[in-house]
Amino acid sequence: YINPPKGRIVTGELPNKMGMELRGPGYSILKIKLSGSKAPVVIDFSKVNPKREPGKTAGYYLVASGLIEGFSKQLHADFDILALQPDTLFFGYDRLVTRKVAVIPDIKVELSPESRVIVMPDPDSIEVTGPEHVIDTMIGIRTRHRSFKRLKENFRTSVALDCPDNLQTTQKRVALEVSVIGRPSTFFNFRNTKTN
Numbered sequence: 001y002i003n004p005p006k007g008r009i010v011t012g013e014l015p016n017k018m019g020m021e022l023r024g025p026g027y028s029i030l031k032i033k034l035s036g037s038k039a040p041v042v043i044d045f046s047k048v049n050p051k052r053e054p055g056k057t058a059g060y061y062l063v064a065s066g067l068i069e070g071f072s073k074q075l076h077a078d079f080d081i082l083a084l085q086p087d088t089l090f091f092g093y094d095r096l097v098t099r100k101v102a103v104i105p106d107i108k109v110e111l112s113p114e115s116r117v118i119v120m121p122d123p124d125s126i127e128v129t130g131p132e133h134v135i136d137t138m139i140g141i142r143t144r145h146r147s148f149k150r151l152k153e154n155f156r157t158s159v160a161l162d163c164p165d166n167l168q169t170t171q172k173r174v175a176l177e178v179s180v181i182g183r184p185s186t187f188f189n190f191r192n193t194k195t196n
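If you use this note's numbering, the sequence shown corresponds to residues 1 to 196, in order.
Just so you know, these hints were derived from the structure itself, not from any lab.
Since we're looking at a predicted model, the values are computed, not measured.
Any given hint might turn out to be false.
[Unchecked claim] In silico lysine-lysine, DSS-like type, Cα no more than 30 Å apart, as pairs: (1) K73 to K33; (2) K17 to K33; (3) K51 to K6; (4) K47 to K31.
[Claimed, not checked] Per label pair, the in silico range of CB-to-CB distance: (5) S115 to R8: 43 to 53 Å; (6) L167 to V117: 20 to 30 Å; (7) R146 to I181: 11 to 21 Å; (8) E21 to Q171: 18 to 28 Å; (9) D78 to D165: 35 to 45 Å; (10) K17 to R99: 29 to 39 Å; (11) S72 to R146: 12 to 22 Å; (12) S46 to T157: 43 to 53 Å; (13) A175 to T88: 40 to 50 Å; (14) K47 to R156: 20 to 30 Å; (15) H76 to R173: 34 to 44 Å.
For every residue, glycine included, the Cβ atom is placed at its ideal position computed from N, Cα and C.
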């Protein structure tokens, strides 16, 4: 799936495989069956005419029979494509936007009871590009989960971001500053008491 309209991204569950009903010489059909995964066909949105799905503002569909001629040319077919399955492809268009979102550390640290930990990502936010309806509901991008055993000292580590497939980020990794702090002393905690 290539070339959506400018500033748009294709959304929805478009299939990554389609079935073809073929008619032609057996050797041609066997040849395409054996090489099918090595020679994928392309659906170019600049060369098709999707129809708007009734009752849905951002819903569109393509009738698969309209793709047969393009598929035949791409496959240099010496057979006929009689039908494609599924026979209709449903999808949507969404605006492609870029926003700055927070980095959310996903880290587990085993500590002694008198200690606590502070984790600061560096940078603390990154730019993310993707469908507007996804990015507008995000609270941030999580890092991949990391666990550390019994720590007593501060350290810095590089961690990969756990970015969904439909989003792009300006970077793939961030640094985490992990500070281990002892529990504050209660020696100087005074209580105000009223005396008569």
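Checked hints:
{"no.": "1", "hint": "K73 to K33", "result": "holds (16 Å)"}
{"no.": "2", "hint": "K17 to K33", "result": "holds (13 Å)"}
{"no.": "3", "hint": "K51 to K6", "result": "holds (18 Å)"}
{"no.": "4", "hint": "K47 to K31", "result": "holds (27 Å)"}
{"no.": "5", "hint": "S115 to R8: 43 to 53 Å", "result": "holds (50 Å)"}
{"no.": "6", "hint": "L167 to V117: 20 to 30 Å", "result": "holds (29 Å)"}
{"no.": "7", "hint": "R146 to I181: 11 to 21 Å", "result": "holds (19 Å)"}
{"no.": "8", "hint": "E21 to Q171: 18 to 28 Å", "result": "violated (46 Å)"}
{"no.": "9", "hint": "D78 to D165: 35 to 45 Å", "result": "holds (36 Å)"}
{"no.": "10", "hint": "K17 to R99: 29 to 39 Å", "result": "holds (33 Å)"}
{"no.": "11", "hint": "S72 to R146: 12 to 22 Å", "result": "violated (51 Å)"}
{"no.": "12", "hint": "S46 to T157: 43 to 53 Å", "result": "holds (44 Å)"}
{"no.": "13", "hint": "A175 to T88: 40 to 50 Å", "result": "holds (48 Å)"}
{"no.": "14", "hint": "K47 to R156: 20 to 30 Å", "result": "violated (50 Å)"}
{"no.": "15", "hint": "H76 to R173: 34 to 44 Å", "result": "holds (43 Å)"}
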